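Colleague: Residues per chain are reported as follows:
Protein chains: 2
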Amino acid sequence: MNTATSLPDLSRLCIHTITTKSWAIETSVAKFAAAGVKGITVWRDALAGRDVAQTGRMIRDNGLSIVSLCRGGFFPAATSVDRQKALDDNRSAIAEAHALGAPLIVLVCGAVPGQSLAESRKQITDGIAALLPDCQASGVKLAIEPLHPMYADSRSAVNTLGQANDMVEALKSPCVGVAADVYHLWWDPALEAEIARCGKLNALFAYHVCDWRTPTIDLLNDRGLMGEGCIPLRQIRSWVETTGFNGYNEVEVFSTRLWAMDQDEYLAQIVQAYRDFV
Amino acid sequence: MNTATSLPDLSRLCIHTITTKSWAIETSVAKFAAAGVKGITVWRDALAGRDVAQTGRMIRDNGLSIVSLCRGGFFPAATSVDRQKALDDNRSAIAEAHALGAPLIVLVCGAVPGQSLAESRKQITDGIAALLPDCQASGVKLAIEPLHPMYADSRSAVNTLGQANDMVEALKSPCVGVAADVYHLWWDPALEAEIARCGKLNALFAYHVCDWRTPTIDLLNDRGLMGEGCIPLRQIRSWVETTGFNGYNEVEVFSTRLWAMDQDEYLAQIVQAYRDFV
Numbered sequence: 094m095n096t097a098t099s100l101p102d103l104s105r106l107c108i109h110t111i112t113t114k115s116w117a118i119e120t121s122v123a124k125f126a127a128a129g130v131k132g133i134t135v136w137r138d139a140l141a142g143r144d145v146a147q148t149g150r151m152i153r154d155n156g157l158s159i160v161s162l163c164r165g166g167f168f169p170a171a172t173s174v175d176r177q178k179a180l181d182d183n184r185s186a187i188a189e190a191h192a193l194g195a196p197l198i199v200l201v202c203g204a205v206p207g208q209s210l211a212e213s214r215k216q217i218t219d220g221i222a223a224l225l226p227d228c229q230a231s232g233v234k235l236a237i238e239p240l241h242p243m244y245a246d247s248r249s250a251v252n253t254l255g256q257a258n259d260m261v262e263a264l265k266s267p268c269v270g271v272a273a274d275v276y277h278l279w280w281d282p283a284l285e286a287e288i289a290r291c292g293k294l295n296a297l298f299a300y301h302v303c304d305w306r307t308p309t310i311d312l313l314n315d316r317g318l319m320g321e322g323c324i325p326l327r328q329i330r331s332w333v334e335t336t337g338f339n340g341y342n343e344v345e346v347f348s349t350r351l352w353a354m355d356q357d358e359y360l361a362q363i364v365q366a367y368r369d370f371v
Numbered sequence: 094m095n096t097a098t099s100l101p102d103l104s105r106l107c108i109h110t111i112t113t114k115s116w117a118i119e120t121s122v123a124k125f126a127a128a129g130v131k132g133i134t135v136w137r138d139a140l141a142g143r144d145v146a147q148t149g150r151m152i153r154d155n156g157l158s159i160v161s162l163c164r165g166g167f168f169p170a171a172t173s174v175d176r177q178k179a180l181d182d183n184r185s186a187i188a189e190a191h192a193l194g195a196p197l198i199v200l201v202c203g204a205v206p207g208q209s210l211a212e213s214r215k216q217i218t219d220g221i222a223a224l225l226p227d228c229q230a231s232g233v234k235l236a237i238e239p240l241h242p243m244y245a246d247s248r249s250a251v252n253t254l255g256q257a258n259d260m261v262e263a264l265k266s267p268c269v270g271v272a273a274d275v276y277h278l279w280w281d282p283a284l285e286a287e288i289a290r291c292g293k294l295n296a297l298f299a300y301h302v303c304d305w306r307t308p309t310i311d312l313l314n315d316r317g318l319m320g321e322g323c324i325p326l327r328q329i330r331s332w333v334e335t336t337g338f339n340g341y342n343e344v345e346v347f348s349t350r351l352w353a354m355d356q357d358e359y360l361a362q363i364v365q366a367y368r369d370f371v
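Those protein sequence lines, which keep their order, are chains R and A. Just so we're aligned, residue 94 is where the first sequence starts under this note's numbering, counting upward by one. Just so we're aligned, residue 94 is where the second sequence starts under this note's numbering, counting upward by one.
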């Protein structure tokens, strides 16, 4: 089977709530379901003021699978008090994921400007290790998301898939894997090899798609919809599926430009871009 | 000798003309020399409308060394006609460097949005190989500058020092080495090892400094002056000097913010930042 072909249907299409962030989660769920989308990744802000377990039931009642909860992480901090606060917040996220019925939490691992990356990487590994009993008790898994090197100052000291795989190996737990996002990883000359290695580690837990625009005018909120940029999406998906991955293709787009358009029209464009380019 | 200490004097301080780009090169040369700066890297736009050889003499007469000419490169293109144009332009740059008396050209290697990075990397290697006879004839060397992964779409498909070292090994020419810029490389977990490898290849031709600000608000023109950001400058310089490198520390800052201030005051800040943070 040639995996690098167009996707026949929407059965593996997941959309992150942040992608259509102006919609309340109830609206997103109804609209996604009506459009034939089958998965949703829930950002924690979308749960504010809601009964989490009830929201989980609402999502499943609409025929959507909950793919993951975004996000935990931000382990590094200058003081042990702040590192403990980060652990407490991650434990709250694990409890939320359990209540929601999300099997996975995506970790944006964190970094502290001016603290050495080596120290932040150690604090990240230690932080994840400290959460493993909670994961085992709740059944919620953790996915380390390597972030683009342009976020190494303050968002994540884990900047390549190779580093994430190294952490997975060091942590030796079936609860810990990787979320691979094309936006962060597409440039890496080691990408194909590290995707294969991640697969061999049984650690490829999630796959996120969007695109890289030229020019990119904002470091955070100028992602492209699939097809608007230069990321070789079909090639990367073929590498991902060669590992045996058959999970969701998750559309995670932060874009001031796309958030400003009519969101119903945008959802239709997402579905079309998924068929044409993922 | 502990290399990671403050620099005793300005004998290894070089400033790029683009750093104070509102100044004509004659002004930059006079001001740099008066401030005790010993090296200058000349951007090609600074030579527009001037006799290049005479400008070279003017620089040397003011007591400054010409460290390099910025920049050649941009080898990849969709058509062979455009790749030939790129070679022609690089040959012009080599002739300019020779006339100016610059021993080195810094290469921003190029990338084409939508063309595979693997293909662009091959075109870069082929392009540099085609220039080697010109380098041998003129005595001008070439430095591959790996660029931050956030420029992989359209500016350079060479995004790590490891890749640049691989190219140097493949090209096997004493004319080809590397320009290592902390802005592009600081995040890389392999940086210390790849600097050491670059040294063993006798390929560490140039070292550029600036800083990474948090937040960075523009992908191109929001670099920090040394000390304004999170790059571990002393640590990276110690790795560089451990290889035996004793060339210039070149201040290359693109900053809308710093370009807008009084440039005399800015030059004084550069000199102070060099003493305090490089």
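Honestly, the hints are just simulated from the structure, not real lab data. Here the structure is a predicted model, which means the values were calculated and not measured. Certain hints may be false.
Which residues of chain A face chain R? A partial, calculated answer using Cβ under 8 Å [stated by the list, open to error]:
1. P206
2. P242
3. N252
4. G320
5. P325
6. Y359
7. L360
8. V364
9. F370
For every residue, glycine included, the Cβ atom is placed at its ideal position computed from N, Cα and C.
Colleague: Against this structure, judge whether each hint is valid.
Modeller: Against the structure, the hints:
1. P206: holds, 4 Å
2. P242: holds, 4 Å
3. N252: For N252/A, the interface hint holds, since the closest Cβ of chain R sits about 5 Å away, which is under 8 Å.
4. G320: violated, 11 Å
5. P325: At 6 Å from the nearest chain R Cβ, P325/A passes the 8 Å test, so the hint holds.
6. Y359: With a closest approach of 23 Å, the Y359/A hint is violated.
7. L360: With a minimum Cβ separation of about 26 Å from chain R (threshold 8 Å), the hint on L360/A is violated.
8. V364: violated, 23 Å
9. F370: Given a least distance of 12 Å, the restraint on F370/A is violated.
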